[in-house]
Amino acid sequence: MPINVLMPALSPTMEKGNLAKWLKKEGDAIKSGDVIAEIETDKATMEVEAVDEGVLAKILVAEGTADVPVNELIALIAEEGEDPGSVQAPKGGAEAKTAPVEPKGTPDQNAAPDGAHASYARVDQAPEGAKPSGAAQPAGSGDRVFASPLARRIAKQEGVDLSAVKGSGPHGRVIQRDVQAAIEGGTAKAGAAAKPEAKSAPVPEKAAPKAAGGSAPAGLSLDQVKGFYEKGSFEEVPLDGMRKTIAKRLTEAMQVAPHFYLTVDCELDALMKLRETLNGSAGKDKDGKPLFKLSVNDFVIKAMGLALTRVPAANAVWAEDRILRFKHAEVGVAVAIDGGLFTPVIRKADQKTLSAISNEMKDFAGRARAKKLKPEEYQGGVTSVSNLGMFGIKHFTAVINPPQSSILAVGAGEKRVVVKDGQPTVAQVMTATLSCDHRVLDGALGAELIAAFKGLIENPMGMLV
Amino acid sequence: MSETYDVLIIGAGPGGYVTAIRSAQLGFKTAVIDREHLGGICLNWGCIPTKALLRSAEIYHYMQHASDYGLSAKEVSFDAAAIVKRSRGVSGRLNGGVGMLLKKNKVDVIWGEASIESAAKGNEPGKVTVKETKRAEPPKGAKGAGTYTAKHIIVATGARPRVLPGIEPDKKQIWTYYEAMVPEKMPKSLLVMGSGAIGIEFASFYRTMGAEVTVIELLPQILPVEDAEIAGLARKRFEKQGIKILTSAKVTKVEKGADSVTATVEDDKGKTQQFTAEKLISAVGVVGNIENLGLEKVGVKIERGVVVTDGLGRTNVPGVYAIGDVAGPPMLAHKAEHEGVICIETIKGLHTHPMDKAKIPGCTYCHPQIASVGVTEGKAKELGLSIKVGRFPFAGNGKAIALGEPDGLIKTIFDAKTGQLLGAHMIGAEVTELIQGYVVAMTLESTEEELMHTVFPHPTLSEMMHESVLDAYGRVIHT
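Taken in sequence, the protein lines are chains X and Z.
Going by the numbering used here, the letters in the first sequence line up with residues 1 to 465, in that order.
Going by the numbering used here, the letters in the second sequence line up with residues 466 to 944, in that order.
Keep in mind that a hint or two might mislead.
[To be verified] Straight line, CA to CA, 35 Å or less: simulated DSBU-like cross-link-like pairs of lysine-lysine:
1) K244(X) <-> K273(X)
2) K813(Z) <-> K371(X)
3) K231(X) <-> K709(Z)
4) K762(Z) <-> K31(X)
5) K813(Z) <-> K374(X)
6) K231(X) <-> K762(Z)
7) K244(X) <-> K824(Z)
8) K822(Z) <-> K21(X)
9) K569(Z) <-> K231(X)
10) K822(Z) <-> K156(X)
11) K596(Z) <-> K24(X)
12) K415(X) <-> K284(X)
13) K24(X) <-> K762(Z)
14) K709(Z) <-> K569(Z)
15) K244(X) <-> K494(Z)
16) K605(Z) <-> K586(Z)
17) K539(Z) <-> K653(Z)
For the record, the hints were derived by calculation from the structure and aren't laboratory data.
Whole structure, please, built from the sequences with the hints as guidance.
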């Protein structure tokens, strides 16, 4: 039997992706671990590795195909001894969505079609507990559910909670096949498993924004917006996956997490001096290049990491009906890239040395720009650092990146006149503003956190021990 | 010539040209290749010119029955050549229209016989060679023979009449729809082999024009895809008009005389009979045009004479797509158009779903007209569905009586449990224009409730659609 290669779910929220590139041709021999294709998800370009051996017999989804649903058959691998020429797609071609899409453990356990076994790209990178999405996504209770008359009637007869069914009809309308899929998938039954998915979202049920169809919560309609402008005075730019994700996540953050802001000025003179000393002392590698070159931002990341562990109550995130408190500090760092941004996360920033953080950030930034970050590298985190100092920004506030509970907006370090001992004097000063999720951090706790941060920045030797 | 496109479409029939226009709308650089005519069979040798012929027949019929309406028409007659000329004129006009639409949408037309050399691989686009054709003159501005490349190649080559061995059309006594559409003179007698839409429409046309018509159908029912009750009513009407109909009957032999053709017909009990007529129309279905397109060369999977696709137009070979007749039944122009749009929107990455074949309507323009969508009563029972059936006769409708068209029936089939409209079947005047109301209802997933709540204008034939729904739930008013 040929091995089916299915569209892998590269992150727990991935429903579909673009098949960016085939790196193997039909007829090529495939070894386990070979990279066979590149998949573009909403955030990144990922490599698909083969887990089986054989010959790539048929490519069923052409490269450049957009929005290939997870679990769609994308290629067939002929096993050893099998004639690749005789390998044929199962009846119905690529439409044969034989492998069910409902969440049940790892994809490898999904039923395989016609005795052929399914081959996925390596998805063990996904965080634990990740569920392939595709089944019901609650549209949020309280909101009006758009559903066809037939869908409503079947839902009523079968006891299906329509608000828990994701609509696939026009404008996300729930139609017959959605209800039937929900019945067959056993999800969305009213009562018993009414809110199975809601648990993963750090969002109180009632405030859940309607996110049907994966789009941003509704503001003005397209026609309304266009109505404000003269025809022909603008060009229309389609949204890519990253833009959609940013719009959705950050709108959600502003609606769900009550933000408040704390601003402090930090003097940098001691830090700049220490930085110079440390950079000057960096050893050289065999090419004569310094082993590290610390930036101010590396100090900021480290300081934020240490501050979080010194104020343990702030090293926490909101999770529906409880707070998750962490031992180590995970600090995300916003990296601007063409057309959007990524926030790769420095794990255990409290424990890592400045040089380790610095080198890790260089690697992250490079791969972020190439859209080669793995989902687990930009997921999670307790706080983030967003630094617009290089653009000469003095002060700004940032939007918390869910599920994190704070974000530090860092401005430029500049010479300012400050008053010391009653006398005006010149110091290098940087303004930093912490946005806090009030559900987790109260004002005093936030103040404690940013004070710890300020203390470390102004007495940077504390970061070396 | 050589040029690179985003999308190359082989075949400019209703599937191909509509797909081409949608493709251009989506911003693809698009070309459509054809060897014979823009608009395909549908517009040149099918749907459209037959409607023109049938319109002539209809008016002729009314003229013959003018006195029924208090009118008089003396010496009613016809000019076969003029009828054909009008029909060709209608096709010609629309053919030009398609050319204009393609031009307006900046779709290139390439003239000749196309063959796929290779499908797109990696960054290498697929390649199609186009050879010169002698079949027809190219339209103005068309590109000629050469090699053209495109990332996406859509096969939309349609279908042609099925030929039975021993009964090969000869253009003289044995006709296909091509010859039947352009008779030099009206035959006095005619055998029609096959009672699908094509066979029945020609039977109806030639009978109205005065020919002795015999229809021979292999299956037990004429119009085999239609609801048995509707087909039974149609048969009665046809027989009343003087059409002789044989079902469960097989043409075993055809002998040609100087000016006649004799068919030996065997019934299901093995008894044979001979029928002689001036002409025989072979209307035993159509087969997909899959030959000489390079499909084997690039490895496109073909089953039962049609290209296998995934419902979104994709074949097993990435970069090669198929839509319309060549991608399988139902072989209808509107199915091809819709399938083509789904295909190109899928290529664009838009949110698409495979077409629901249970919601594709079908129309036959005989007299009386027949139209249907969804499952028949027989099929529903075969599927073990629990159904409610509504019926409403034309005789109960004011507008139908006023039109002088009191014969006909509108039948609806609902799922007894969910109220889903599973099918609708109609026979009678203008039903081909009515069916769409039910198709919209089905697509919107209406139940009987919404249909009952819908206001139908009075006085119209459409009121019968309302009454049929009411009847299914025991609430009919006018019977």
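Quick rundown of the hints versus the structure:
For the proposed pair K244(X) and K273(X), the alpha carbon gap of about 43 Å is over 35 Å, so the pair is violated. The suggested pairing of K813(Z) with K371(X) holds, with an alpha-carbon distance near 22 Å, which does not exceed 35 Å. Of the supplied pair hints, the one linking K231(X) and K709(Z) is violated, its CA atoms being roughly 64 Å apart against a limit of 35 Å. In summary, the hint linking K762(Z) to K31(X) is supported, as the alpha carbons are separated by about 28 Å, within the 35 Å threshold.
Distance check on the hinted pair: K813(Z) and K374(X) sit about 27 Å apart at the alpha-carbon level, within 35 Å; holds. Proposed proximity of K231(X) and K762(Z) is contradicted: the alpha carbons are some 49 Å apart, above 35 Å. At most 35 Å may separate the alpha-carbon atoms for a hinted pair to count; K244(X) and K824(Z) meet this at roughly 34 Å. This hinted pair checks out: K822(Z) and K21(X) have alpha carbons roughly 33 Å apart, not beyond 35 Å.
Using a Cα cut-off of 35 Å, the hinted pair K569(Z) and K231(X) holds, with the two alpha carbons roughly 21 Å apart. Proximity of K822(Z) to K156(X) is assessed by CA-CA distance (about 26 Å); at most 35 Å being required, the pair is judged to hold. For the suggested pair K596(Z) and K24(X), the alpha carbons sit about 33 Å apart, so the restraint of at most 35 Å is met. For the hint linking K415(X) to K284(X), the alpha-carbon distance of about 32 Å falls within 35 Å, and the restraint holds.
Of the pairs offered as hints, the one joining K24(X) and K762(Z) holds, with about 21 Å between alpha carbons and a cut-off of 35 Å not exceeded. Pair hint K709(Z) plus K569(Z) does not hold up; C-alpha atoms about 49 Å apart against a cutoff of 35 Å. For the hint pairing K244(X) with K494(Z), the CA-to-CA distance comes to about 27 Å; that is within 35 Å, so the pair holds. At roughly 33 Å between alpha-carbon atoms, K605(Z) and K586(Z) fall within 35 Å of each other, so this suggested pair holds.
Straight-line distance between C-alpha atoms of K539(Z) and K653(Z) comes to about 22 Å, which keeps the hinted pair within the 35 Å bound.
Checked against the numbered hints above, the structure breaks hints 1, 3, 6, 14 and satisfies the rest.
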